[in-house]
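Colleague: The primary structure of each chain is shown beneath.
There are 2 protein chains.
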Amino acid sequence: MRRFVIGQAKNLIDQTRRRPRPHNNNIRLLSLLASDPIPVSSSRFFSDMTGSDSSSSLPVTLDSINPNVLKCEYAVRGEIVNIAQKLQDDLKINKDAYPFDEIIYCNIGNPQSLSQQPITFFREVLALCSHTALLDRDETHALFSADSIARAWKILDQIPGKATGAYSHSQGIKGLRDAIAAGIEARDGLPADPNDIFMTDGASPGVHMMMQLLISSEKDGILCPIPQYPLYSASIALHGGSLVLSEENQRDIVDFCKKEGLVLLADEVYQENVYVPDKKFHSFKKVARSMGHGEKDISLVSFQSISKGYYGECGKRGGYMEVTGFTSDVREQIYKVASVNLCSNISGQILASLVMSPPKPGDESYESYIAEKEGILSSMARRAKTLEEALNKLEGITCNRAEGAMYLFPCINLPQKAIAAAEAAKTAPDTFYCKRLLNATGIVVVPGSGFRQVPGTWHFRCTILPQEDKIPAIVNRLTEFHKSFMDEFRD
Amino acid sequence: MRRFVIGQAKNLIDQTRRRPRPHNNNIRLLSLLASDPIPVSSSRFFSDMTGSDSSSSLPVTLDSINPNVLKCEYAVRGEIVNIAQKLQDDLKINKDAYPFDEIIYCNIGNPQSLSQQPITFFREVLALCSHTALLDRDETHALFSADSIARAWKILDQIPGKATGAYSHSQGIKGLRDAIAAGIEARDGLPADPNDIFMTDGASPGVHMMMQLLISSEKDGILCPIPQYPLYSASIALHGGSLVLSEENQRDIVDFCKKEGLVLLADEVYQENVYVPDKKFHSFKKVARSMGHGEKDISLVSFQSISKGYYGECGKRGGYMEVTGFTSDVREQIYKVASVNLCSNISGQILASLVMSPPKPGDESYESYIAEKEGILSSMARRAKTLEEALNKLEGITCNRAEGAMYLFPCINLPQKAIAAAEAAKTAPDTFYCKRLLNATGIVVVPGSGFRQVPGTWHFRCTILPQEDKIPAIVNRLTEFHKSFMDEFRD
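Those sequence lines, one after another, are chains G and H. When you line the first sequence up against full-length UniProt numbering, it's residues 1 to 491, in that order. When you line the second sequence up against full-length UniProt numbering, it's residues 1 to 491, in that order.
Read the hints as simulated data drawn from the structure, not as lab findings. There's no promise every hint is true.
Pairs of lysine-lysine residues, derived as DSS-like cross-links and limited to a Cα-Cα distance of at most 25 Å, are as follows [as the list claims (entries may be wrong)]:
{"#": "1", "chain 1": "H", "residue 1": "Lys174", "chain 2": "G", "residue 2": "Lys86"}
{"#": "2", "chain 1": "H", "residue 1": "Lys219", "chain 2": "H", "residue 2": "Lys71"}
{"#": "3", "chain 1": "G", "residue 1": "Lys162", "chain 2": "H", "residue 2": "Lys373"}
So here's chain G without its partners, still in its complex pose (with noise of 0.2 Å):
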């Protein structure tokens, strides 16, 4: 047989030798995939082969790579946190070089890298459901509570064979869906289907898998908040139902998706970052079905993650997709994308449970993880108020009040000199300033720019997460460089 397999080789090779050469062609690819196959590779097979590019002994080029790839854009880790990480490198080595000692990355929600510490409970269960071995053994009930023990073997009883290395059902594990189906009726008041959960590694894939199922070319739409920025949506997902205004804000949206036959992607991941007592998170969900419109009428993702809300784990990458009002032949072509990758990671998955069904009054856990969750909410809301009052106080800026999320979008009224600087630099005006705001703060910072902000404004996006023992010198720092950025360029 493998004489077989390689004579089909050799042949394969011999044909392609003899065949023509068109020259419209850029990529080059031979693939010998040994594991499970690739759809966008089994799904044709191009045998059109063209010699190499004769100005590099390299086949692939900028010119010859996919299009869409130069164009994408990723400001959050863009050319700011790139600098920013080699000053980070050169800090170990020339201490004294630089008029601070540590880089603070203020440019992503990503709140342990800060010291933010991980959920005791969720830890726990996570842990016992990696090794489980030691739930057989008595030590381990010195180690762990009573609760994260039961609902370890809870979770391993719904894993067929409790084999969490196993890849699991491409949706996710049955019964983890269950408890999330629970959590979402809690939270909504209202039915919600197991099988509508689609678990992914976070947000981010959940999107792409729309993004890829329901962009058929570039003909197609998507319409998003101008500018298309986290903290607006997010604003606009969270303060639903926060102020009459905002209800209406929702409703306004749900009617004009119905109206427009448009689907509603709602990114819901911040849903338990709402720092203002009388308010309270509305899904969209919940204000599509209370106005009357149900399955049939509108169709609406909604999308959840592990790596926001009060726990911030995001390096477990998890999270999941609640997905009504598509036809069953549309959801079996969403069911085809997610198999494609098998299936999201056990422990994100676990975790994504556990996020949606915390430990209940009476558990062993209950009184420490409240204490947990609160102290983090309550940490977060100070300091965005902190950070924000300090904008404020900074001349031409201006800084809403976060009642939510994790982020601050101050806006600066850049005075003409620095934007004439920045022109000469040949760099968006924020980026100018963010550029001198890390190199005289070690403080990072993401510049409007990558955001879509409206035109002729100048934002960055600054997090809520350093630690709060912290704050205070990072309010000094940032309100000394920006008088002196301003001294230097008043006009």
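Starting from the known structure of chain G, arrange chain H on it as the hints suggest.
Modeller: Just chain H now, kept in the frame of chain G:
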């Protein structure tokens, strides 16, 4: 500021309402994305919208989704598996309705779903990294091996802030990539650069990443061994260097790629699954370098996964790709694609580093680690042999010896009557056979048609992974079924 935001959203809605509707669109999407920007949506803003398909109150139909998604086939999780899952559910309630009492999944390389136990050392380290508070407790020393505790500390020291819950560098945690590079160096006897390592959630996402980067249009060519199929390509990769013939074949492929200017994507996930003592895995990088082709001569991507090997940690979704022979500007684009999903899951990253740096002689876990590893691999070898011999005894079936990987791919010489019956049932003859097999025995295999077998030949793929004590029963059921099938259709 919120007023401003909602103003924005309202304007957007109003503008859109006023806009004329072209008729060439088919997807309508409103995305309220609160998490980090998704390039596919952030890269452009489409505002032209169309009325909804009048034939349905829901906006999305099969005609309106991405046609590539419709085209894509994924046999290992296809029709047969769906039937099997329904049978499994029905078995719970109608025990006596079937001639078998369980479904045996031989469709996919998912060893732990078939009771293969994980490697203890790997899971000990994973548990300690999942709940790091354990490292401060005395009881832990009674529960964990000394080297797993030491390894956990080492790994935590490599993670900034010891934060296993934080997003990492988009290529993966640097210290873990160092360990992987060291493992590759030990394997190949050649230098490996941690900066060439991109950690992924398994091999598939890595392959998708490269395909997304390299495929710029339908004109681009992907050359695969035909049938492009795990076993064959695995055989080529695995047996490379095991016979002169095959090493020659590997050299042919490298030569061919060099001459034609091809990118060589080498899936090397089965490098540990070699069952023949006198044979050894040789990486394509090693072969290419031994031929004198360096970084500047050949573009080579090697994929590795924690889902295969003797560890079979499919559910943890971990792996890496080693990317060599690309210009720095193209490398930057690969990094950008990697950064779009921020990072692969940290548990998977940790496991990927562990499989490339397992316990060494002298470590407390070494003996038990080797015993577990050898136990799994030798059992796989016995199972492969037993199944292959049993299949070769069956009328009209020829099966090659499996010297590696996890699969058998027997060729069935189907009687004309069976082919006619399949045609009458509007299904491919091998699918017809596999469905009959499933319904008669509960054994799930994948028809060869899913893998582009040579036209006119019929095969099925069967893993060698059912636990050893079940193999005799499987052989009996398979033999019995095949006899009656042939009796029914023999010409």
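Colleague: Under the constraints set out in the numbered hints, which ones does this structure not fulfil?
Modeller: Hints that this structure does not satisfy do not exist here, as all of them hold.
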